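Grab the two chains, each in its own frame, and use the hints to assemble them into the complex.
Top line first, the protein sequences correspond to chains S and H.
So for the first sequence, our numbering puts the first residue at 93; every next one is plus one.
So for the second sequence, our numbering puts the first residue at -19; every next one is plus one.
Careful: at least some of the hints might be erroneous.
Sample of chain H residues lacking proximity to chain S, with all beta carbon distances greater than 10 Å (derived) [unchecked claim]: (1) -15; (2) 38; (3) 93; (4) 181; (5) 286; (6) 294.
One-sided excerpt, in silico: chain S residues whose CB lies under 8 Å from chain H [unchecked claim]: (7) 186; (8) 189; (9) 205; (10) 209.
Rather than coming from a laboratory, the hints here were simulated on the basis of the structure.
On a predicted model such as this, the values are computed, not experimentally measured, just so you know.
All C-beta atoms, glycine included, are put in the ideal place defined by N, C-alpha and C.
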Amino acid sequence: MAQDYVIEMLHITKEFPGIKANDDITLQLKRGEIHALLGENGAGKSTLMSVLFGLYQAEQGTIKKDGKEVQIKDPNDANRLGIGMVHQHFKLVECFSVLDNIILGVEDTKNGFLQYASARKKVMDLSERYGLKVDPDAIVSDISVGMQQRVEILKMLYRDNEVLIFDEPTAVLTPQEIDELMEIMRGFRKEGKSILFITHKLAEIMAVADRCSVLRKGKYIGTVDIANTTKEELSRMMVGRDVQLEVQKKESKPGETILAVRDLTVPSRTHNNNAVKNVSFDVRAGEIVCIAGIEGNGQTELIYGITGLEKITGGTVTLNGKDITHASIRERSKAGMSHIPEDRHKHGLVLDYPLEANMVLQRYWDPKFQNKGIIKYGEVRKYANRLIEQFDVRSGQGPITIARSMSGGNQQKAIIAREIDKDPQLLVAVQPTRGLDVGAIEYIHSQLVAQRDAGKAVLLVSLELDEVMKLPDRILVMYEGEIVGEFNPKETTVEELGLYMAGAKKQS
Amino acid sequence: MNILANIISLTIVFAVPLMLVALGGMYSEHSGVINLALEGIMVIGALCACFTLQGFDRSGFGPAHPQLAMLCAILVAGLSGMVFSLLLAFAAINLKADQTIGGTALNTFAPAFAVVVTWAVQGQGLTTIQIPNWIRITQATFGMEAGNGFLDSLIFKYFYLTTPIAVLLFFVAWILMYRTRFGLRLRACGEHPQAADSVGINVYKMRYAGVLISGFLGGIGGLAYTIAVGSGFNSSVGGYGFLALAVMIFGNWKPVQIMGASIFFALFKVIAAYNSSIPFLPKLEGLKDKSSLYQMLPYVVTMIVLIFTSKHSQAPKAEGIPYDKGTR
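For reference, chain H alone in the conformation it holds in the complex (with noise of 0.2 Å):
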């Protein structure tokens, strides 16, 4: 029983990063920026809140307030990534740049960038930003006594401030895209801009808005990723990114389909990083390495559900095309 909950817990706590980065790329792509930075934008993130974290440790803070040190991180790590991702938005809105080519510039800048900086705060061959421990939420942090029971383990195991904010981000997302003037607005911009223009919207403040949401989600990404590994920051999402990307096709640019995919691909990647305490599992007796099978597992599971699924894509129809007012 115990097991079913640490996989459940598990699951979850490898979902939020992908269903947080995911998110984001459906703001970006909504507005129609293909926001290929993903992986670079959670990398900025996670380094700016590993650190922000560091800090709190070496204070004091964040041992006497860790749920209030952990908010804070996670706020460093959306505006990280939105700071960050100014970088994309500037490039394919004002210089209408080409959007892939400057989401792989980004995406090849900020691992250097941040093995750089880890070298240079904490020293050579230092690789890994350690996160401190207090900043799970226990049973201690509501005030009742730790068990080893089936909901213990389901709830408390795994259990970060990342979680619930994620969840009420998904209902923002929610009703942002579907029930507000800010969501038919933005949504109008991915599809048909000269449409959007001609009604008198301001397509490239539109663009902007969802690319910088995208780099504030993709950064809290970035942080959610590195604390559901938990072996510390060391300048890599693992390609999460990339991972977030195929969520985000998987569940058709739209909120609760991407949080069905999300949590789809979280559980292959539980099976592959447990493959070997997970009983019910075929053991492949024989082969020599049979956890790395294992672990190719979520990558082929996206490459099979993307050829599948990606006939039938809604994506937004003008994405990756810059805007110019001068075309009709």
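Chain S on its own, in the form it takes in the complex (with noise of 0.2 Å):
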């Protein structure tokens, strides 16, 4: 008997205008299995969920549902056949409430008036037969974005699809939220609802996935079933070449204290109370010290006031001796601090911007590029096209492309790449991997360790335990606001940190 396949995608080949982002790829999708989607930043992966979801049209190929061809022109025709997505940026109407975004597009009327009661009930008894917990009244931009993508769920079950994608749904969340959407999905599995998860997360992908297909450069590589194969297999499939999966690093030597920051106190623009509380500690020349915790314990507003994103309250910091307080960024940035931040988007790049002026963004004052006030635009590209190489950042025009139109893999290494060149003294990297294939994150991971080696103090947060373990030299777990405990990645263990992440233990 032929294999019971409930979504089939035969030789499908989708155009951009300069690449081929999906290049006669195949994916067939077993009833009630979850099939992981593995590829790097830009293999594909996104456009071909896209495809089968009706935002984008195949140039070539054909979609079956249920072993008959089908045509879907958008989402409207994905929703008939039962398929439902999750999108990597959630796709809801923050000022609306919980119940409204699920409703929104099938919504029940009776005399033309909305009827709620009868949706919050078939809301309530998904919720609980799936253990998915949201309050329908809640307002979606006061929840966590871990009940935002309960809420995303929610929506696809509302509208009783069969066929779930989950496009990079564990980017967003912490530790603790990954384990329980692990934990749904194989309550769907069970339900006989078929899953297609895009990730680029291996551990993921052991834990959860029935099969896996792998995509590199918009082809396609292989389908492997996970019970026959490893974590270094699949990374070689997705990067063609083996990855190393462990950071190589020598010993540290650290030296004299570059960073030292003394009783930094910096308000909360969330809340009433502090965000940082009296937060003292010191970064020196040749260590690589992490600043862990739970997402929003005080980590961006820490960084905020060590880099003067934010006006500090309380304290001192303290740069190569000299005190950088109340100096603006521009001053800190001259001091030899470079910035890697949290949000790439909203610091890192003028997103409109060429690539080659968000290169020089933070030194197009430098006699170097401008004369009298006027850009020296040969050599911002002379400059820009050095760094592109030196870092090896991909792009579709090189200096002039446009940065949004960049992967985020290439995005960062191009904040790498300015950050770097400045060479610094201090270099503060702040979730430097979030949303990163392995590919991209073996190599920043030892960028940050060079720089170390080459005597510069690095600064690190991270909400990956994974990376915590494995790149710092020392560790600061932050727990509300304030420095709960200090360790040696070598002298401890993940359940041990996650215990003072979590508040229940405290160093004193």
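Structure below.
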């Protein structure tokens, strides 16, 4: 008997100007399986799923649902076929309630009036059945990212979808929320729903998926059973070469103190308490210090205070012996601070500028790049080309590529190139590998270690326990705005860190 | 006492155009299109409606059936405003033009167009279209005796069909925006059009609906303004379209608050226009031209109010941004 495939995408080809995003890709989804779709950033995973969901039309190839060929022209068609999707960037109206967001597009009405009672009951039933806790009357902008994702999942269930597409669902979640999501996905499998799970995190695939299809640069590489494969094999298929999953580094040789933070207090933007309370620590030359903790415990504000993005209300920040507590951001930058920001779209790049302009954002005033206020574009171009070459930043049109059109990994590489080439004393890197694939992560980790070995001080903020254990020489755990523990990564365990991160333990 | 009645009824008659136009702006902005062309839409609506009334006056239909004629004029005002707003919709939605520039262009065009048409119809130099006086609802409309008491002044001194229709349209807006599928979808398009698109809502269609409704209300607002001023239509609506935008912002893009805001602004407008006949206002003796000072009042208040309220404004997030299916 033929295999029971619920969705078959056969020989899909989708082109964008200048790039073949999908080149003859075939993907077959069995009923009731969790099928992972693995690939680097820009490998064509999202494009393929957008074709399936009707957001794009493929130039070639066919899509079959339950063995019958179908046309999917828009999300309505996909919805009618029972295909639902949780987008990487949530499609939620922030000022609407949870319930409004779920019913939007499939509203029940009576005499023209919206009927909420039946909708609310159905949402609550689904929420209970699958363990998706939500408050239907909460306003979306007030709820956590994890709950927003549950709302997206409920949107699919409310429409009785049986094929569920998850586009990089774990990128925005905390470790605990990721575990919960995995449990929810297993629950769907038990109910006979079929899941397409886009990710580039190997551990998650090994934990939850049944089979995995790999894409590389728009091409189909192969499909493997998870039971018969290893992380190493998957990463080789994805990147096309052997990847170093462990960080290679020598013993650190810390030198003198570069960054000294004393009694730093930073107010919160969201509540009345201080987000950072009397925090003191040092970062020395030649070491990587990592601030670990669950998201929202003051890490962001701590970095804002150190880098000057937020005015601090108490304490001092000293860089290389110079008091920069009240220095402007440019003064800090000149004093030897580089910053790889948490939100690369908000603080890292001017998205609608070309790559070359982004490369000189902090240096355009340098006589090297301007003369009496006129920018020397020739020099800028030359400089950008050098960085692009040296740091292997890939883009469609080189230095004149608009930053927005680049993949996340290459945007991050561009920022790292700019920040490292400034030859800083202190490199502040906030979640530098967030949302990136293993190849890019490997590259960024090696760059950070290289900076350390060159005698730079590196301050890292990370939410990924994997990274926290592998990369730094010292770990500081932050909980509710305070540093509650300092650890040597060689002498601690994930479990111990977890206790401190959750506030269950505290070093006095 | 009669002065109080006068102030109240005048305030209402001036609040009507403000509220109608601000509600119009609200529909458009909730769909995601900034309608800066409200001023121009008002001019076109008033122009067409005034000619209609003049025609009814000459043909004798108006004096015979005054309120039926008025209803027709209101519909003409709304429909002409709607047709004019199509220009904005086409530029903003299909051509993805900058909405501010598109709106400004229409605002520049409308008064000029009105002047040319007025002259062409009435002859050179006759810049004002007179409004017939039978349009007012009087005691006689209901077969009652004309009186001069408090209630007579309060209700009948400035009573036009536009007022009950505005009240009706206010309730329609209130229900439509928050109780119906259309309202939910319209607001989604102004907040997060990609989200609306991903659940199968046609963003372009909803935005057309928003702009056309705003054109309809804006056109009626133009007629209501001309009636409120009372001295005929001379190709201008005195910046009321912009004042209505301020009312909409002050009203936080919500119907009930917009109604409150329009009454607030209308009160200042009345104080400005009738300062000499309101006894309890300071006379500001020694000033040469105190009425100019009072006439500034609504506009000064607008600025002050906006300074304090704009910080907490809840403007639709995606307004002013042309929607392109391709960008994610």
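Results for each hint:
1. Distance to chain S confirms residue -15(H) as a non-interface residue, since its nearest Cβ pair spans about 39 Å, more than 10 Å.
2. With a closest Cβ-Cβ approach of about 41 Å to chain S, residue 38(H) is found to remain outside the 10 Å limit, as its non-interface label requires.
3. The claim that residue 93(H) is not at the interface with chain S holds, since no C-beta of that chain comes within 10 Å of its own (minimum 37 Å).
4. Some Cβ of chain S comes within 10 Å of the Cβ of residue 181(H); the nearest lies about 6 Å off, and the non-interface call is violated.
5. Residue placement check: residue 286(H) keeps its beta carbon more than 10 Å from all beta carbons of chain S (closest about 21 Å).
6. Not every Cβ of chain S is farther than 10 Å from the Cβ of residue 294(H); the closest lies at roughly 7 Å, contradicting the non-interface assignment.
7. For the restraint placing residue 186(S) at the interface with chain H, the shortest Cβ-Cβ distance is roughly 7 Å, inside the 8 Å limit, so the hint holds.
8. Because the closest C-beta pair between residue 189(S) and chain H is about 11 Å apart, greater than 8 Å, the hint is violated.
9. Evaluation of the residue 205(S) hint against chain H yields a held restraint, the C-beta minimum of about 5 Å falling below 8 Å.
10. Restraint check, residue 209(S) versus chain H: the minimum CB separation of about 14 Å is more than 8 Å; hint violated.
In summary, the numbered hints that this structure violates are 4, 6, 8 and 10.
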